Amino acid sequence: MTPQHLRDFEPLRRHATLAAVVLDTRATLIDELIDLHDRIMASKDNVARRKHAEQFQSSGKQINEQLKVLSQAGRLIQKARESKIDPFDAIETSIGWQVFLDSVKSAEQLSQPEFDHLTLIIDPYPQLRRYTPAFLDALKLKAAPVSQSLLDAVNVRRKLNLTKARK
0 MTPQHLRDFE
10 PLRRHATLAA
20 VVLDTRATLI
30 DELIDLHDRI
40 MASKDNVARR
50 KHAEQFQSSG
60 KQINEQLKVL
70 SQAGRLIQKA
80 RESKIDPFDA
90 IETSIGWQVF
100 LDSVKSAEQL
110 SQPEFDHLTL
120 IIDPYPQLRR
130 YTPAFLDALK
140 LKAAPVSQSL
150 LDAVNVRRKL
160 NLTKARK
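Under numbering that gives the first Met the number 0, the first residue of the sequence shown is numbered 0, with each subsequent residue one higher.
You may find that some hints are simply not true.
[Unchecked claim] Derived DMTMM-like pairs (lysine to aspartate or glutamate); straight-line CA-CA distance at most 20 Å:
no. : residue 1 : residue 2
1   : Lys43     : Asp115
2   : Lys78     : Asp88
3   : Lys141    : Asp30
4   : Lys67     : Asp101
5   : Lys60     : Glu91
6   : Lys43     : Glu64
7   : Lys141    : Glu53
8   : Lys43     : Asp122
9   : Lys50     : Glu91
10  : Lys141    : Asp23
11  : Lys60     : Asp44
12  : Lys158    : Asp136
13  : Lys139    : Glu53
14  : Lys60     : Asp115
15  : Lys78     : Asp151
16  : Lys43     : Glu53
17  : Lys60     : Asp85
18  : Lys139    : Glu31
19  : Lys104    : Asp122
20  : Lys139    : Asp30
21  : Lys139    : Glu64
22  : Lys50     : Asp151
23  : Lys60     : Asp122
24  : Lys67     : Glu91
25  : Lys141    : Asp122
26  : Lys141    : Glu64
27  : Lys163    : Asp151
28  : Lys141    : Asp34
29  : Lys104    : Glu64
30  : Lys139    : Asp122
31  : Lys67     : Glu107
32  : Lys67     : Asp88
[What the hints assert, rightly or not] Across the chosen pairs, the derived CB separations fall in these ranges:
no. : residue 1 : residue 2 : range
33  : Asn160    : Leu22     : 23 to 31 Å
34  : Ala133    : Glu53     : 29 to 37 Å
35  : Gly73     : Pro132    : 15 to 23 Å
36  : Ala164    : Leu140    : 45 to 53 Å
37  : Asn160    : Ile29     : 15 to 23 Å
Hint data in this document are derived by calculation from the structure and do not stem from the laboratory. Bear in mind that the values here come from a model prediction, so they are computed numbers and not experimental data. The beta-carbon is built from N, C-alpha and C at its ideal position, and this holds for glycine as well.
The task is simple: from the sequences and hints, build the whole structure.
Encoded structure:
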């Protein structure tokens, strides 16, 4: 339909047609907006997954070395118990106490609090923060009873955006 076609309509029909086109366009734009946000979030998720895999691969050799030292210490403690000797002396003579302590410290640094990529997904937060307040304001969301808690969380986020609060 072109503007020339609208000119041929009676005023009431023209206004009704324009209203229908506006509503349809609004729905299409909202769908596109949600789709764009979904693609942005999927992209951020993929970046976090890749970064997590790269970090894991880069620390793999170190992890393996620390596991060897710690498993050797575990075997020494087991043998010391069976032989009724001091496990600390067994570690000291076989591995070296400082090597053992360094290995424990290194293992603590290498261990990750959460072993998944989700801890890295907060990195793009500043970028998301630039558009999500407007994104949430553009949408008038409703929820089924089962999703009400999610809608409540979105409304809390909206209030925080209005008051410029960070937490």
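So, going through the hints one by one against the coordinates:
The suggested pairing of lysine 43 with aspartate 115 holds, with an alpha-carbon distance near 14 Å, which does not exceed 20 Å. Proposed proximity of lysine 78 and aspartate 88 is supported: the alpha carbons are some 12 Å apart, at most 20 Å. Between lysine 141 and aspartate 30 the CA atoms are separated by roughly 15 Å; this keeps the pair inside 20 Å, and the hint holds. A C-alpha spacing of about 13 Å is found between lysine 67 and aspartate 101, which places the hinted pair at or below 20 Å, so the restraint holds.
Simply put, lysine 60 and glutamate 91 have alpha-carbon atoms about 24 Å apart, too far for the 20 Å limit, and the pair is violated. Taking the CA atoms of lysine 43 and glutamate 64, the gap is about 32 Å. The hint is violated against a cut of 20 Å. Among the hinted pairs, lysine 141 with glutamate 53 is inconsistent with the structure: their alpha-carbon atoms are about 40 Å apart, more than 20 Å. Between lysine 43 and aspartate 122, the direct Cα distance comes to roughly 9 Å. Compliance with the 20 Å bound is thereby established for this hinted pair.
The hinted pair formed by lysine 50 and glutamate 91 fails the criterion: a straight-line CA distance of about 38 Å is larger than 20 Å. Between lysine 141 and aspartate 23 the alpha-carbon distance is near 19 Å, which keeps this suggested pair within the 20 Å criterion. A distance of roughly 26 Å separates the Cα atoms of lysine 60 and aspartate 44; the hinted pair therefore is violated under the 20 Å criterion. Between the alpha carbons of lysine 158 and aspartate 136 the distance comes to roughly 10 Å, so the proposed pair stays at or under 20 Å and holds.
Between lysine 139 and glutamate 53 the alpha-carbon distance is near 40 Å, which puts this suggested pair outside the 20 Å criterion. A threshold of 20 Å between alpha carbons decides the hint, and for lysine 60 with aspartate 115 the separation of about 19 Å falls inside it, so the pair holds. Using a Cα cut-off of 20 Å, the hinted pair lysine 78 and aspartate 151 is violated, with the two alpha carbons roughly 58 Å apart. Among the hinted pairs, lysine 43 with glutamate 53 is consistent with the structure: their alpha-carbon atoms are about 15 Å apart, no more than 20 Å.
Between lysine 60 and aspartate 85 the alpha-carbon distance is near 31 Å, which puts this suggested pair outside the 20 Å criterion. Pair hint lysine 139 plus glutamate 31 holds up; C-alpha atoms about 15 Å apart against a cutoff of 20 Å. Pair hint lysine 104 plus aspartate 122 does not hold up; C-alpha atoms about 26 Å apart against a cutoff of 20 Å. Note on lysine 139 and aspartate 30: the hinted pairing holds, with a Cα-Cα distance of about 13 Å set against a maximum of 20 Å.
A threshold of 20 Å between alpha carbons decides the hint, and for lysine 139 with glutamate 64 the separation of about 54 Å lies outside it, so the pair is violated. The suggested pairing of lysine 50 with aspartate 151 is violated, with an alpha-carbon distance near 32 Å, which exceeds 20 Å. Restraint check for lysine 60 and aspartate 122: the C-alpha separation of about 26 Å exceeds 20 Å, so the hint is violated. A C-alpha spacing of about 16 Å is found between lysine 67 and glutamate 91, which places the hinted pair at or below 20 Å, so the restraint holds.
Restraint check for lysine 141 and aspartate 122: not satisfied, since their Cα atoms lie roughly 30 Å apart, outside the 20 Å limit. Restraint check: the Cα-Cα separation between lysine 141 and glutamate 64 comes to about 54 Å, which exceeds 20 Å; the hinted pair is violated. At most 20 Å may separate the alpha-carbon atoms for a hinted pair to count; lysine 163 and aspartate 151 meet this at roughly 18 Å. Restraint check for lysine 141 and aspartate 34: the C-alpha separation of about 18 Å stays at or below 20 Å, so the hint holds.
For the given pair, lysine 104 sits about 13 Å from glutamate 64 by alpha-carbon distance, which is consistent with the 20 Å threshold. With a C-alpha separation of about 28 Å, the suggested pairing of lysine 139 with aspartate 122 is violated against the 20 Å cut-off. Proposed proximity of lysine 67 and glutamate 107 is supported: the alpha carbons are some 15 Å apart, at most 20 Å. Taking the CA atoms of lysine 67 and aspartate 88, the gap is near 19 Å; set against the 20 Å cutoff, the hint holds.
About 27 Å separates the C-beta atoms of asparagine 160 and leucine 22, a value consistent with the hinted range of 23 to 31 Å. Distance hint check: the CB atoms of alanine 133 and glutamate 53 are about 33 Å apart, consistent with the given range 29 to 37 Å. A beta carbon spacing of about 52 Å between glycine 73 and proline 132 contradicts the range 15 to 23 Å that was offered as a hint. A C-beta distance of roughly 20 Å is found between alanine 164 and leucine 140, which places it outside the suggested range of 45 to 53 Å.
The given range of 15 to 23 Å is respected by asparagine 160 and isoleucine 29, whose C-beta atoms sit roughly 19 Å from each other.
Of the numbered hints listed earlier, those contradicted by the structure are 5, 6, 7, 9, 11, 13, 15, 17, 19, 21, 22, 23, 25, 26, 30, 35, 36.
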